[in-house]
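J.: Sequence:
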Amino acid sequence: MNRDKLISQVKDEYARIASSESQQHFDQTTTEVTPEAYYEKLLSKVINEISNGTFDNFKSGEEVVNAVANDKTWLSSWK
231 MNRDKLISQV KDEYARIASS ESQQHFDQTT TEVTPEAYYE KLLSKVINEI SNGTFDNFKS
291 GEEVVNAVAN DKTWLSSWK
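Letter by letter, the sequence shown follows residues 231 to 309 in the working numbering.
These are computed hints drawn from the structure, not numbers from a lab.
Do not take every clue at face value.
As the list claims (entries may be wrong) - Heads up, simulated DSS-like pairs for lysine-lysine below, C-alpha to C-alpha not over 27 Å straight-line:
hint, residue 1, residue 2
1, Lys-241, Lys-289
2, Lys-235, Lys-275
3, Lys-241, Lys-275
4, Lys-235, Lys-289
5, Lys-302, Lys-235
6, Lys-275, Lys-302
7, Lys-235, Lys-271
8, Lys-302, Lys-241
9, Lys-275, Lys-289
10, Lys-271, Lys-302
11, Lys-241, Lys-271
12, Lys-302, Lys-289
13, Lys-289, Lys-271
What you are looking at is a predicted structure, and each value in this text was computed from that prediction instead of being measured.
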(Lines of atoms letter the chains of each structure in order from A and count residues from 1; the text may use other names and numbers.)
(Lines give C-alpha, C1' and ligand atoms only; values in the text may rest on other atoms or scores of the structure.)
Protein backbone atom coordinates (compact mmCIF):
# COMPACT_ATOMS: atom_id res chain seq x y z
CA MET A 1 0.00 0.00 0.00
CA ASN A 2 1.09 3.57 -0.61
CA ARG A 3 2.82 4.83 2.55
CA ASP A 4 1.14 8.26 2.45
CA LYS A 5 -2.28 6.63 2.21
CA LEU A 6 -1.39 4.27 5.06
CA ILE A 7 -0.25 7.20 7.22
CA SER A 8 -3.51 9.02 6.51
CA GLN A 9 -5.55 5.97 7.48
CA VAL A 10 -3.53 5.47 10.67
CA LYS A 11 -4.04 9.13 11.63
CA ASP A 12 -7.79 8.77 11.14
CA GLU A 13 -7.88 5.55 13.15
CA TYR A 14 -5.95 6.99 16.10
CA ALA A 15 -8.09 10.15 16.04
CA ARG A 16 -11.20 7.98 16.23
CA ILE A 17 -9.80 5.91 19.10
CA ALA A 18 -8.58 8.95 21.06
CA SER A 19 -11.92 10.72 20.76
CA SER A 20 -13.81 7.68 22.00
CA GLU A 21 -11.45 6.96 24.89
CA SER A 22 -12.85 8.13 28.19
CA GLN A 23 -10.43 9.99 30.42
CA GLN A 24 -11.53 7.98 33.45
CA HIS A 25 -10.78 4.65 31.78
CA PHE A 26 -7.52 6.02 30.46
CA ASP A 27 -6.49 7.20 33.94
CA GLN A 28 -7.00 3.68 35.23
CA THR A 29 -4.70 2.16 32.62
CA THR A 30 -1.88 4.71 32.35
CA THR A 31 -0.12 7.19 34.57
CA GLU A 32 -0.26 10.97 34.27
CA VAL A 33 -0.84 11.21 30.55
CA THR A 34 -3.87 12.32 28.60
CA PRO A 35 -5.33 10.11 25.86
CA GLU A 36 -4.39 12.79 23.33
CA ALA A 37 -0.74 12.85 24.44
CA TYR A 38 -0.49 9.06 24.47
CA TYR A 39 -1.96 8.66 20.99
CA GLU A 40 0.11 11.54 19.60
CA LYS A 41 3.28 9.80 20.82
CA LEU A 42 2.09 6.49 19.46
CA LEU A 43 1.08 8.02 16.12
CA SER A 44 4.47 9.68 15.75
CA LYS A 45 6.25 6.36 16.26
CA VAL A 46 3.91 4.50 13.91
CA ILE A 47 4.40 7.12 11.18
CA ASN A 48 8.16 6.75 11.59
CA GLU A 49 7.87 2.97 11.19
CA ILE A 50 5.62 3.35 8.13
CA SER A 51 8.20 5.69 6.59
CA ASN A 52 10.90 3.10 7.29
CA GLY A 53 8.88 0.41 5.51
CA THR A 54 7.99 -1.65 8.58
CA PHE A 55 4.34 -1.93 7.54
CA ASP A 56 4.76 -2.18 3.75
CA ASN A 57 2.89 -5.52 3.66
CA PHE A 58 -0.12 -4.18 5.55
CA LYS A 59 -3.31 -3.45 3.66
CA SER A 60 -4.93 -0.77 5.85
CA GLY A 61 -4.34 1.71 8.63
CA GLU A 62 -6.70 -0.28 10.84
CA GLU A 63 -4.53 -3.36 10.35
CA VAL A 64 -1.45 -1.37 11.44
CA VAL A 65 -3.21 0.08 14.50
CA ASN A 66 -4.42 -3.37 15.56
CA ALA A 67 -0.96 -4.90 15.12
CA VAL A 68 0.65 -2.18 17.24
CA ALA A 69 -2.09 -2.41 19.89
CA ASN A 70 -1.41 -6.12 20.26
CA ASP A 71 2.39 -5.95 20.09
CA LYS A 72 4.44 -2.79 20.72
CA THR A 73 7.59 -4.54 19.44
CA TRP A 74 6.49 -3.36 15.97
CA LEU A 75 7.80 0.02 17.16
CA SER A 76 11.59 0.01 17.34
CA SER A 77 11.70 3.04 19.65
CA TRP A 78 8.73 2.32 21.95
CA LYS A 79 9.38 2.95 25.62
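J.: Under the constraints set out in the numbered hints, which ones does this structure not fulfil?
T.: none
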